[in-house]
Amino acid sequence: MDVQQTLGELRSRMEELKDANQNKLSMVVFSGDLDKLLASFIIATGAVAMGMEVVMFFTFWATSALRDKKKRAKGKNIFGKMFGFMLPKGAGKVKLSKMHMGGMGTGMMKYLMKKKNVSSLEEMIQLAAELEVKLYICEMSMDLMGLKPEEMIDYPGRDFVGVAKFLEEAGNSRIQLFI
Amino acid sequence: MAEDIKADITMDLKGMKCPLPVVKVSQQVKKMRVGQVLVAETTDPGAHADFPAWAKTSGNEIVSTVREGDVSKFFIKKLK
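Protein chains in written order, with the working numbering: chain A, 8 to 186; chain B, 1085 to 1164.
Hints were generated in silico from the structure; no laboratory data involved. Bear in mind that the values here come from a model prediction, so they are computed numbers and not experimental data. We treat Cβ as the ideally placed atom computed from N, Cα and C, and that holds for glycine. Warning: the hint list may mix true and false statements.
Part of the chain B face toward chain A, derived, beta carbon under 7 Å [stated by the list, open to error]:
#, residue
1, G1099
2, V1107
3, I1146
4, S1148
5, T1149
Result set (DMTMM-like, lysine to aspartate or glutamate): computed pairs, CA atoms no more than 20 Å apart in a straight line [what the hints assert, rightly or not]:
#, chain 1, residue 1, chain 2, residue 2
6, A, K123, B, E1125
7, A, K78, A, E130
8, B, K1115, A, E137
9, B, K1114, A, E139
10, A, K78, A, D150
If we strip away everything but chain A, and leave its shape as in the complex, we get (with noise of 0.2 Å):
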């Protein structure tokens, strides 16, 4: 008698689980390192092309990458000015972890690059932006930095959000990363 009951709530169970593992993967992307971001972009188009559906959350450092060169927000204060001169003005600007050398040894690895025909930072949040990455900027770290929504890049699908997102979509992803 309990047989049917039983099935219903095997049913409703195995639905849970289909919703609690999809093919996608969550990435924080913390650093604003140049290199970090690169691989991160690297990751993120990868795993589309391995049939994943990828969300990338951009917290602290990490957001001033996504900061448009030729946009400029008005009403800042004097902190929020002081952060806006302070912090790399887009993907163009930003440094490697390592052997930055005053600018010398970024540039040459964007020499070297090109060279070998590595796609740039800018190149892979434009193939990301194709391929349909989604990408969640954390609104407490622009609001930190007095970051504004209009001087942020245009990118379809691009969200201000909280921890909570985050973590609804890490939930139900087989790959969290932090990078």
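Given chain A's structure and the hints, the job is docking chain B onto it.
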């Protein structure tokens, strides 16, 4: 051996570096019909590990691999 396999589409991926070969191939295969064969020509040394890994994960098959100097040709059959 490879001469027997009829290629439906050929992609020139020479000079492209990781992750582009795999990304481009996956996009192309999406547009193809099941059973069609794609030939991917690449100079990326990582491709010998990457294409089989991609094929296994995406459920497609590499029916043949031919090396001609620096260039490797992967015959990829769309299975689903």
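Structure-based check of each hint:
no., hint, verdict
1, G1099, "5 Å, holds"
2, V1107, "5 Å, holds"
3, I1146, "15 Å, violated"
4, S1148, "21 Å, violated"
5, T1149, "18 Å, violated"
6, A:K123 - B:E1125, "18 Å, holds"
7, A:K78 - A:E130, "19 Å, holds"
8, B:K1115 - A:E137, "15 Å, holds"
9, B:K1114 - A:E139, "15 Å, holds"
10, A:K78 - A:D150, "17 Å, holds"
Comparing the model with each earlier hint shows violations of hints 3, 4, 5; every other hint is respected.
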